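Visitor: Just need the whole structure built from these sequences, with the hints factored in.
Once you know that position 62 of the sequence shown is 47 in our numbering, the rest is easy, because the numbers rise by one and skip nothing.
What the hints contain is simulated information worked out from the structure, not anything from laboratory work.
All figures in this text were calculated on a predicted structure; none of them were measured in a lab.
Misleading hints may appear alongside valid ones.
[What the hints assert, rightly or not] Computed Cβ-Cβ distance ranges for the label pairs, DEER-style:
id, residue 1, residue 2, range
1, 25, 99, 29 to 35 Å
2, 129, 103, 23 to 29 Å
3, 7, 72, 26 to 32 Å
4, 18, 76, 32 to 38 Å
5, 122, 79, 49 to 55 Å
By construction, the Cβ of each residue, glycine as well, lies at the ideal position given by its N, Cα and C atoms.
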Amino acid sequence: MIWPINRPRFEPIPSATVDGFFGGCNVIDAVLASTLDCLYNVTCLDSFIDYFPSLNQTNFTWSIGLLSSNRRDISVENLLAELFLEQWSTSINYSQYFVECAPTTCTYTEINHINISYTITLLLGFYGGLTILLRLLAPLLINIFSKIKLCSPNVICNLSSSS
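Guide: Encoded structure:
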């Protein structure tokens, strides 16, 4: 097999340019760099009929499907980052939710992760509490235990501290 030394170069001639659309080596990069300017213009949308004959068979008025937004020159990548939302408004009405959904019970789960500083503080507090408790109880327990040991089995001892 002989490889040709001079291969012909393929230079595509653009047949049409569409406002806001880019071409590139990777389709995803081209789409992300593109804007949706053409979808805001009826004359630009009419140019698609020449390239997509099946669009000509449908009875579709472009003015109905025309996009309306103030952000025409934003790339598709930025629109995706913003989830194609222009404005996010949150209105939470819990009382209306409970009236409409009427749940029988309401439970929630709280997941807490214990960190090392909390664990050390907890152990030091436990150690301090045990130390104080044993300092108070140790003399009392030793006193009671020594009185019980000093008493013989046949002798009745009075455990009260009267001398």
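Visitor: Indicate, hint by hint, whether the structure satisfies it.
Guide: Going down the list of hints, with the structure as the test:
1. At about 54 Å, the beta-carbon gap between residue 25 and residue 99 misses the expected band of 29 to 35 Å.
2. Checked against the given bound of 23 to 29 Å, the beta carbons of residue 129 and residue 103, roughly 38 Å apart, lie outside it.
3. Taking the beta carbon of each, residue 7 and residue 72 are about 27 Å apart, inside 26 to 32 Å as hinted.
4. For the pair residue 18 and residue 76, the beta carbons lie near 36 Å from each other, so the given range of 32 to 38 Å is met.
5. A hinted range of 49 to 55 Å holds for the C-beta pair residue 122 and residue 79, which are about 51 Å apart.
Checked against the numbered hints given earlier, the structure breaks hints 1, 2 and satisfies all the rest.
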